[in-house]
Amino acid sequence: MPELKETDAIAEEALPSKSVLGRSVFRQLIRHPSLVPLGAVLLAVLIGSVIMLCAGISPFVAYPAMVRGALAVENLDYTISVFTLICGMALAFALPLRMGEYNLGGNGQLVFGGITAAAIGLYAPLPAWLVIPIALLAGAVAGGLLAAVAGPLSSKLGIPIIITTLLLSTPAVALTSYLVRFQIGEAGSGQAQTARLPEAARLPGIGDLGYTNIGLILIIVLLVAFWLFDSRSALGYELRVLGSNARFGAYGGIGVSRLATGSLAVAGAVAGLVGAMIVAAPPYRFIDGALISPGYTFAGVAAALLAAGRPALLPLTAAVFTILQVGGSGMEREADVPRQLSDVLQAVVVTVLALRTVVEARRARMRRDV
Amino acid sequence: MDLFNWAFVAAVLLATAPVLYAALGGALCAQAGVFNIALEGQMLWGAFAAVAGSYYTGSAWLGVLIAVLSTALFAVVLAVGSARWKADPIVIAIGTNLFALGVTGFLIRVLFDVNGSFAPQGLAGLGTLTFLADVPILGEVFGRNSALVPLALLTAVAVAWWLGRTPAGLRLRGVGEHPEAVAALGLSVERYRIAAIIAAGALCGLAGAQLSLGNVSLFTENMTAGRGWIAVAAVMIAVNRPLRVAVACLGFGAAEAFGFRLQGIGAPQQLADAAPYVITLIVLVMARGRTAMFPARVAAEKTPADKDPAEKASAEKVDTQR
Numbered sequence: 001m002p003e004l005k006e007t008d009a010i011a012e013e014a015l016p017s018k019s020v021l022g023r024s025v026f027r028q029l030i031r032h033p034s035l036v037p038l039g040a041v042l043l044a045v046l047i048g049s050v051i052m053l054c055a056g057i058s059p060f061v062a063y064p065a066m067v068r069g070a071l072a073v074e075n076l077d078y079t080i081s082v083f084t085l086i087c088g089m090a091l092a093f094a095l096p097l098r099m100g101e102y103n104l105g106g107n108g109q110l111v112f113g114g115i116t117a118a119a120i121g122l123y124a125p126l127p128a129w130l131v132i133p134i135a136l137l138a139g140a141v142a143g144g145l146l147a148a149v150a151g152p153l154s155s156k157l158g159i160p161i162i163i164t165t166l167l168l169s170t171p172a173v174a175l176t177s178y179l180v181r182f183q184i185g186e187a188g189s190g191q192a193q194t195a196r197l198p199e200a201a202r203l204p205g206i207g208d209l210g211y212t213n214i215g216l217i218l219i220i221v222l223l224v225a226f227w228l229f230d231s232r233s234a235l236g237y238e239l240r241v242l243g244s245n246a247r248f249g250a251y252g253g254i255g256v257s258r259l260a261t262g263s264l265a266v267a268g269a270v271a272g273l274v275g276a277m278i279v280a281a282p283p284y285r286f287i288d289g290a291l292i293s294p295g296y297t298f299a300g301v302a303a304a305l306l307a308a309g310r311p312a313l314l315p316l317t318a319a320v321f322t323i324l325q326v327g328g329s330g331m332e333r334e335a336d337v338p339r340q341l342s343d344v345l346q347a348v349v350v351t352v353l354a355l356r357t358v359v360e361a362r363r364a365r366m367r368r369d370v
Numbered sequence: 371m372d373l374f375n376w377a378f379v380a381a382v383l384l385a386t387a388p389v390l391y392a393a394l395g396g397a398l399c400a401q402a403g404v405f406n407i408a409l410e411g412q413m414l415w416g417a418f419a420a421v422a423g424s425y426y427t428g429s430a431w432l433g434v435l436i437a438v439l440s441t442a443l444f445a446v447v448l449a450v451g452s453a454r455w456k457a458d459p460i461v462i463a464i465g466t467n468l469f470a471l472g473v474t475g476f477l478i479r480v481l482f483d484v485n486g487s488f489a490p491q492g493l494a495g496l497g498t499l500t501f502l503a504d505v506p507i508l509g510e511v512f513g514r515n516s517a518l519v520p521l522a523l524l525t526a527v528a529v530a531w532w533l534g535r536t537p538a539g540l541r542l543r544g545v546g547e548h549p550e551a552v553a554a555l556g557l558s559v560e561r562y563r564i565a566a567i568i569a570a571g572a573l574c575g576l577a578g579a580q581l582s583l584g585n586v587s588l589f590t591e592n593m594t595a596g597r598g599w600i601a602v603a604a605v606m607i608a609v610n611r612p613l614r615v616a617v618a619c620l621g622f623g624a625a626e627a628f629g630f631r632l633q634g635i636g637a638p639q640q641l642a643d644a645a646p647y648v649i650t651l652i653v654l655v656m657a658r659g660r661t662a663m664f665p666a667r668v669a670a671e672k673t674p675a676d677k678d679p680a681e682k683a684s685a686e687k688v689d690t691q692r
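If you read the sequences in order, they're chains A and B. Position one of the first sequence corresponds to residue 1 (this note's numbering), numbered consecutively onward. Position one of the second sequence corresponds to residue 371 (this note's numbering), numbered consecutively onward.
Bear in mind the hints are in silico, worked out from the structure with no lab data behind them. Each hint can be trusted.
Partial selection, computed: residues in chain A whose CB lies under 7 Å from chain B: (1) Ala55; (2) Leu167; (3) Pro171; (4) Pro338; (5) Leu341; (6) Val344; (7) Ala347; (8) Val350; (9) Ala354.
Computed Cβ-Cβ distance ranges for the label pairs, DEER-style: (10) Ala595(B) / Gly56(A): 28 to 36 Å; (11) Asn485(B) / Leu145(A): 33 to 41 Å; (12) Arg333(A) / Ala528(B): 48 to 56 Å; (13) Arg368(A) / Leu555(B): 17 to 25 Å; (14) Cys54(A) / Asn485(B): 18 to 26 Å.
By construction, the Cβ of each residue, glycine as well, lies at the ideal position given by its N, Cα and C atoms.
Full structure from sequences and hints, please.
Right, here's the structure in full:
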């Protein structure tokens, strides 16, 4: 965790050091935690170029195509809508990450939220103004319940959260797939999908944008709430203490089990909400596979890891992975580069980020040798 | 319809083999005190490398060799990163799992110009053990599968023997149980861990090869579909013991084979998809209900692995009463 690293750096600077003041300021600057993600992304871009060159693709064609695909004015509407979803999934991974736990079950939580919202939107006899709030809330509850199961399994039985969330995800996806194929699917449609949601269940767009809707505002509110919770609340502090030293936290009287279940429930609820938002946006249906296949979940995982779960960095890292994700399709259209390259780049960012410890390992070895 | 017969046993073993190879790798790592969740991605890479190797060389066994070697190489990132550079093995594993998923999808498009699934005409798959066909029961059970299926069971026995009966195996277990003691003997904890993770990579290569050249003769994107995670769960259910790992994996194999059978008689495919995961979870919960232990925290708790669960539970009760 970067927190530890900062203290490391401080401890090191406190030692009598040979370095002159200017150099030490420079060293502190280049070790600033927000520069770590930047370095990881730059290195990933370089490694991506090497992979492209090996495959006979020019990075000078591919990368501009990627940026254009994501940031060209006519694509911005769609890009922002994807950014909203990736931000949400990043939040769903980041919250448990603050206490050192990994929620890899985002896909299951996402589809649970999606199918619940679709069912409410299609069948619930509610007054029109209530449909959207109830559908979003129900989606969040469904995702939250699925994720919360992993909490007691971890604290009572010691089954790691990373395993349970992931193992719960596949049956959850299978269940929604079954439901949409055989139970609440659109009759007479060859596709495994629900009918189109009625007007009342569709999220209103912002201005006259087609894809970007009030979900964006919702996610921004959630991000701000997460930031306040993380930096200003006692619970948020306890979560971070557990993240840097779980045994110390437990010894200090922090309710580990309560926090694990709580943070997972909220994380799952955010993922469920994202699922509900996808269903309530064009094409206003729950389509089997369509919530998972764009890879919002793992783009969110990568974004949260890159930000080390820090709320203030999340939007920035989510933006990076949004450009990769949306730009990937643009790159495929324009430069004929397989869209899977975006996944490769995401993975390289995460791996490079994890392996940054090589720098510290080398430094430690040099100190030992001196 | 006859649900249980020797052909069903063969189907169970077929479903078991890939997961068993990966789980044995996971067990080796867990014994060395490494929580390896990179099995899924390594298995997927192994499956791709086997198909690509078989396609280019025209020989399935060369494909297997390429899968084993390249997956071992793939595991070096995790091995050196976590054991030498002290990076977080979980984050590296998340990264390499994603990488395997992305890069295999990327490569089948760049190399073979297909999207999603690569099944070339005449791809050499692993042959079945036809010479066993006339042997009464063995023929039914092993005759229709590749040699890698019985080899998986033998590997489990071999790993159990190696861990339990050889000095090197003892040291590996020592690395997991009490790294300081092993270091005090003048052995390198780092090297044992690196070796265990790379060996697990090679086993995942076999797992992937059996999956893509034994169970079928093709590669599809994400064809492992979570089997590597089932393997991780199997290691936990079995508390890292190779023979128990084999039993746990057979349970998974039975669930998968049974799911296929149910699908054959008209049950929805989703039930077959979910069954192995649900059953694995239930077994994991039941197994943990008896012994609440966790490999990655074993080193911290220093609980002897052999301690009788009931005895431990009663000891804890005494503790709370006091």
